[in-house]
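Asks: For the record, the sequence lines run as chains V and W. 1 is the number of the first residue of the first sequence in full-length UniProt numbering; add one for each residue after it. 1 is the number of the first residue of the second sequence in full-length UniProt numbering; add one for each residue after it.
Rather than coming from a laboratory, the hints here were simulated on the basis of the structure. One should not assume that every hint holds.
[Said to hold, decoys possible] Below, simulated DSSO-like cross-link-like pairs (lysine-lysine); rule was C-alpha separation at most 27 Å, straight line:
#1 V:K311 / V:K148
#2 W:K311 / W:K209
#3 V:K363 / W:K276
#4 W:K44 / W:K74
#5 W:K44 / V:K59
#6 V:K197 / W:K197
#7 W:K311 / V:K226
#8 V:K197 / W:K74
#9 W:K186 / V:K148
#10 W:K74 / V:K226
#11 W:K44 / W:K363
#12 W:K59 / V:K311
#13 V:K186 / W:K209
#14 V:K59 / W:K363
Bear in mind that the values here come from a model prediction, so they are computed numbers and not experimental data.
Chain residues, written in single-letter form:
Number of protein chains: 2
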Amino acid sequence: MSRRAATSLRKLTARPIAGPSTRCFSSTTLIPEEPAHPSVHTDKVPGPKGHAASQGINKIQDSRTHVVVADYNKSSGNYLVDADGNVLLDVFAQISSIALGYNVPELLEVARSDEFVHAVMNRPALGSFPPVQWEEWLNTGLMKTAPKGLDNLMTTLCGSSANENAFKAAFMAYRARERGQTDFTKEELDSCMVNAKPGSPDLTVLSFKSGFHGRLFGSLSATRSKAIHKVDIPAFDWPVAPFPELKYPLEEHVKENEAEEKRCLEEYEQILVQSKTTRPVAAVIIEPVLSEGGDKHASPAYFRSLRQIAKKHGAYFIVDEVQTGVGATGKFWAHEHWGLQAGEEPDFVTFSKKMQASGVFHKAETRPSAPYRIYGTWMGDPVRALQARKIIELIEKHGLVQHTQAQGTSLASALTSMFRSQSMVENLRGINEGTFLSWDFSTASLRDSFLGHMRKNGVQMGGCGERSVRLRPMLTFGEKHQEILLDAVQSSLKGL
Amino acid sequence: MSRRAATSLRKLTARPIAGPSTRCFSSTTLIPEEPAHPSVHTDKVPGPKGHAASQGINKIQDSRTHVVVADYNKSSGNYLVDADGNVLLDVFAQISSIALGYNVPELLEVARSDEFVHAVMNRPALGSFPPVQWEEWLNTGLMKTAPKGLDNLMTTLCGSSANENAFKAAFMAYRARERGQTDFTKEELDSCMVNAKPGSPDLTVLSFKSGFHGRLFGSLSATRSKAIHKVDIPAFDWPVAPFPELKYPLEEHVKENEAEEKRCLEEYEQILVQSKTTRPVAAVIIEPVLSEGGDKHASPAYFRSLRQIAKKHGAYFIVDEVQTGVGATGKFWAHEHWGLQAGEEPDFVTFSKKMQASGVFHKAETRPSAPYRIYGTWMGDPVRALQARKIIELIEKHGLVQHTQAQGTSLASALTSMFRSQSMVENLRGINEGTFLSWDFSTASLRDSFLGHMRKNGVQMGGCGERSVRLRPMLTFGEKHQEILLDAVQSSLKGL
């Protein structure tokens, strides 16, 4: 990492978390016109206009997954306005992909700048014709967030392709290590053209039960969240390792959870060892919190062991921070919670969502051996890099990672108290991980009913896994939003 | 297709090609400040500033694929300005991805509009929270170009993911047809979670030798252009069929070419038949011109047969128009050249590049059976849909498809004359396909040397295949650009 990037990262991540920091930042600093509270005036959300809009879209695109059709012009900060004019506190944030809020004036100003306007309408093929400002845009933006030890960046257009580019780089680096100084053989070059060995090798990516890494053919082969995402789609015969099923509250299940993590680590190592003689594991991919699969957590010690065991058996280690990255867990990158030592850092860290730009941080040693091996027309998008730059600047300026950590602490504490007397709710988790909180209901239908009540009570929240709900508020979520959220949770639980 | 879309498509495609139409449109109509000619003032292109910029970027990203670092603020219309201030006539257009030109004032105006500014900074999860304007934006934009019979649209972020979404939809539709009315079995749902049969079926996508369909794991398995794109990357064991190697000029090799196409069709059908009992082909994917693989063409009759044979054997037919789409071949979609009858239309048409938006046009019958089967966070990008809408409007308003067809005719004629006395150049092709022209040199190094001379002579042109060059000018390429291009080709050939 360049010295400049390293210094900036420390600024983003190493500030002491002051007790009263929740009081230092208010979302109205960034979004002066944010509404004071939700307001719902239709009997159900979505209302009639929302339904009509969905029906219109459904002539062209599947609308069965619509939650609400939104009026983004009227939305502001933490509040999403729907087609019927309902104002909802949004703690799902476009599946965890809005960092600061809707219509943040300083972001709109960036979009109106000449720099941005020229960048959006003159989209370059970045690999061959990059803009003269590209180095500067990266160094003053995305590179400021480069995880320790990872000073190279492949930009992409989405999280799935970030993961797949990490897979490709890992496969190439793995084969390069095996191959040594020699070049590709003619047999390799010929056989890969018919998708056969040795040119198309039988290498694998190991992923974890309940993990989600995307929906393209490589990333979907590593995804293990829900059958409906995978059924009928051909998949690579790649291995899956168990992920710990921890019991909550953690402090009451210390020994069981340790045993569960140990069991999972042993089985994971066994797969790595056994596959060596059949289809070696070139890379291991893991999310710091298995989000789409149900917000599954494990201890920092477990993740450190995962990383060490991967290294021991020669597998590259990919941390998928697409959902966990950019501050919501109270660290800029969630894997900073793990306490990895120098030399133990991940080989690849992938990102997307709240960063708006997508890509892979990696080490110079995993650059492909020859040009054009990882390449494409666009290879990222300069306007998303410019947007990311401003988001990063505002996060840093307003101390929003620390703010979110403090918000998470008080929110977790309030929810813990509230849920003490609630038999319907269990497994509150994510404590000490910012606002990245979740809990379970006993059934999926109860969960879905709760989410409907929340919407009617003015809060847009999301589900995950089979029967979980997840909080994914923006980084500008503050005390006043917390009060509204807690009231809505209480009312919605009563309404069930 | 909606009536409105059908009517608009006719406007885009069915205007008679008037003889003098090359004189009707001048690029200065759209781009008043376009330079009059190239100007190169460094000894080589790129010059010292370009090299320095590449070295700077290389600290972060691989710069070995850089051609020139560009100054997009200064570029205009058909002219790309590089870091050293050289002004190059750009007939490669960011690997065929710029439709109208750099800094087209009417496009910059769209980028400055409130509608656009709000859309770019409030990026929705389109599958769940689409904007209220989404139906309108699609109907007044992308849907106006929907190929006949394909009235559904999946939006994506790039061409590779467009192709992979088409694959997924084809696999699902294929299995749904086999399955009939029954739901997924428990065995299917369980087995797909470990990437095993029957849930992860042994179905395949058939592609063609020299085809290029992207670089993610599914699309790369169908890509057959160059070994360096594929080596070391695990691939699905999918079949490849031969693509005709036509001889030029076509009129001198009628019988041989017919025999070659017949041979290829027979082998293709044989693969479809033989695979039925092993790993059935669920989909066939083909580019109308195999571009990256060396600009390989075949006759409309060949493509009609491909489509008919796919249908006969139950395989879905995907036309990859990522590079060929949006007017450059003298039709809005290149597959319009084939003369397919009603009922013979493709099942899927994928697009990206010049459209700036990416996606898949398809039929309602290939919508997945259940929600969330084809889904993701962003599922396209509203700002690229808005950009596409304006591009489509300007193409229509200025008759740029017809203009490009006429330009292609005169350019092909001039090149044919010029090459008559040239022994270094062979296989001029793409005649009657707009400006989508290409030719071969005897060796790759001669080709590369030619491209260097062209740059020094003020023209940025691209290569493809082993020893080909391809013209991929914008749709605003006109008579004055043609003169400059022809002069540069002549000088560069002399310089070899």
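Asks: Which of the numbered hints are not met once you compare them with the structure shown?
Replies: 3, 5, 7, 8, 9, 10 and 11
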